[in-house]
Amino acid sequence: MIDRRIKFRHIQCFAEIVRHNSLKSAAQHLNLTQPAISKTLKELEEVVGADLVVRNRGGVSLTKQGEVFLHFAQMSLAALQQGLNGVAQMEAAGRVSLSVGALPSVAARLMPEVVQAFSELAPDVMLHIHDGPHGYLIEELRRGQLDMVIGRMGAPEVMRGIAFTQLYDEHVEFVVRRGHPLLAQPDIHRLEDWPVIFPPAAAAIRPLVERALVAQGVGEIGRKVESVSGAFGRNHALSHDAVWIISHGVVAKELESGALVRLPFDTSLTKGPVGLMARTEGQLSAAESLFRRVLTEVAGRIG
Numbered sequence: 293m294i295d296r297r298i299k300f301r302h303i304q305c306f307a308e309i310v311r312h313n314s315l316k317s318a319a320q321h322l323n324l325t326q327p328a329i330s331k332t333l334k335e336l337e338e339v340v341g342a343d344l345v346v347r348n349r350g351g352v353s354l355t356k357q358g359e360v361f362l363h364f365a366q367m368s369l370a371a372l373q374q375g376l377n378g379v380a381q382m383e384a385a386g387r388v389s390l391s392v393g394a395l396p397s398v399a400a401r402l403m404p405e406v407v408q409a410f411s412e413l414a415p416d417v418m419l420h421i422h423d424g425p426h427g428y429l430i431e432e433l434r435r436g437q438l439d440m441v442i443g444r445m446g447a448p449e450v451m452r453g454i455a456f457t458q459l460y461d462e463h464v465e466f467v468v469r470r471g472h473p474l475l476a477q478p479d480i481h482r483l484e485d486w487p488v489i490f491p492p493a494a495a496a497i498r499p500l501v502e503r504a505l506v507a508q509g510v511g512e513i514g515r516k517v518e519s520v521s522g523a524f525g526r527n528h529a530l531s532h533d534a535v536w537i538i539s540h541g542v543v544a545k546e547l548e549s550g551a552l553v554r555l556p557f558d559t560s561l562t563k564g565p566v567g568l569m570a571r572t573e574g575q576l577s578a579a580e581s582l583f584r585r586v587l588t589e590v591a592g593r594i595g
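First residue of the sequence shown: 293, per the numbering used here; consecutive thereafter.
Please keep in mind that the hints were generated in silico from the structure rather than gathered at the bench. Only a predicted model underlies this, so the values are computations on that prediction, with no experimental measurement involved. It cannot be assumed that every hint is accurate.
What the hints assert, rightly or not - For lysine-lysine, the following DSSO-like pairs were computed, each having C-alpha atoms within a straight-line distance of at most 30 Å:
1) K299 with K356
2) K299 with K316
3) K331 with K316
4) K356 with K331
5) K545 with K563
6) K516 with K563
7) K356 with K334
8) K516 with K545
9) K356 with K316
Claimed, not checked - Label pairs and their calculated CB-CB ranges:
10) V510 with E589: 33 to 43 Å
11) Q575 with G550: 23 to 33 Å
12) V506 with L413: 41 to 51 Å
13) P404 with Q437: 15 to 25 Å
Even for Gly, the Cβ is constructed at its ideal location relative to N, Cα and C.
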């Protein structure tokens, strides 16, 4: 039996402290004072019988007991959110909804066909497609705000407690507009001569791009704008002499049409799996099962 001294506020406060890596930030997010959130954490640790976090200059770090407790705390919060969502759906005349997070390359290349095929099979299911950086979407998945996320696999510490099902492999492209001066003499060491649209730190492809550049003797790029926005990158690269470093799926159509041109650089080190990410607990709804089936079929054709 669960200890009756544990309340929802204990679980919520603990999860927010870890999420924000700070008692102060967690308190602000929950509209509490810092002494109040410290007291709540202390109460939880007394019930559990172990220290869950250690405070340090960088914020907080989890103890081994804290890592175990966090996993099940997140599962509990996600399950509760699912229950609330289910009640909301019943109130909305019984209409079922499905919330899907999509990384940029997936949103541009895969999702339009998936949504079309799924809508034909399940016209009564309301789809909500969310985009954003990898870390943000995974956090929303953990919190139960998303039913699944589709995109690149993240770092091991980001993927903790998340199941990953691979759909296909994808690599990164270096692309420019037609007629770009670099096409005449494609040399990766000349990237400094033009502005570069570079993946930001939160992007799953960032470490892969950095590794590929280092392997070819390219150091820090000075003239860069960090973004994975398809709308910005597409318009900027087509209108100016910028070099855009982005996942293949984001620019697949532009490459096929010839609007953008691939620079012949070695990007083999950027190849990585794209797949479906979901929480490990809970049973799939009929809508989720159907969506997964459609997703796998479309990814098989495109990937």
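**Report entry** 30 Å Cα cutoff - pair K516, K545
**Finding:** The hint holds at about 24 Å.
Report task. Mind checking the alpha carbons of K299 and K356 for me, to see if they're no more than 30 Å apart? Result -> holds, 22 Å
Query raised in the report: Okay, P404 versus Q437 on CB: inside 15 to 25 Å?
Result: At 23 Å between Cβs, range holds.
Requested in this report: Below or equal to 30 Å on CA atoms is what counts here, so check K356 against K331.
Outcome: holds, 21 Å
Query raised in the report: Can the restraint linking K331 and K316 be considered satisfied, given a maximum Cα separation of 30 Å?
Result: holds, 13 Å
**Report entry** Straight-line alpha-carbon gap K299 to K316, limit 30 Å
**Finding:** holds, 21 Å
Query raised in the report: Between V506 and L413, does the C-beta distance stay in 41 to 51 Å?
Result: 46 Å Cβ-Cβ, so the 41 to 51 Å window holds.
Query raised in the report: Holds or violated: K516 with K563, Cα cutoff 30 Å?
Result: OK: K516 and K563 at ~22 Å, within 30 Å.
Query - Given pair status - K316, K356, alpha carbons within 30 Å - result: Between K356 and K316 the Cα gap is close to 23 Å, so the pair holds against 30 Å.
Query raised in the report: Between Q575 and G550, does the C-beta distance stay in 23 to 33 Å?
Result: At roughly 47 Å between Cβ atoms, G550 and Q575 fall outside 23 to 33 Å, so the hint is violated.
Requested in this report: Determine whether the Cβ-Cβ distance between V510 and E589 falls within the hinted range of 33 to 43 Å.
Outcome: The hinted range 33 to 43 Å holds for V510 and E589, with Cβ atoms some 39 Å apart.
Query raised in the report: Under the criterion that the straight-line Cα-Cα distance not exceed 30 Å, is the pair K545, K563 satisfied?
Result: Answer holds: K545 to K563 is near 19 Å, not above 30 Å.
The structure fails to meet hint 11 from the earlier list, while all remaining hints are met.
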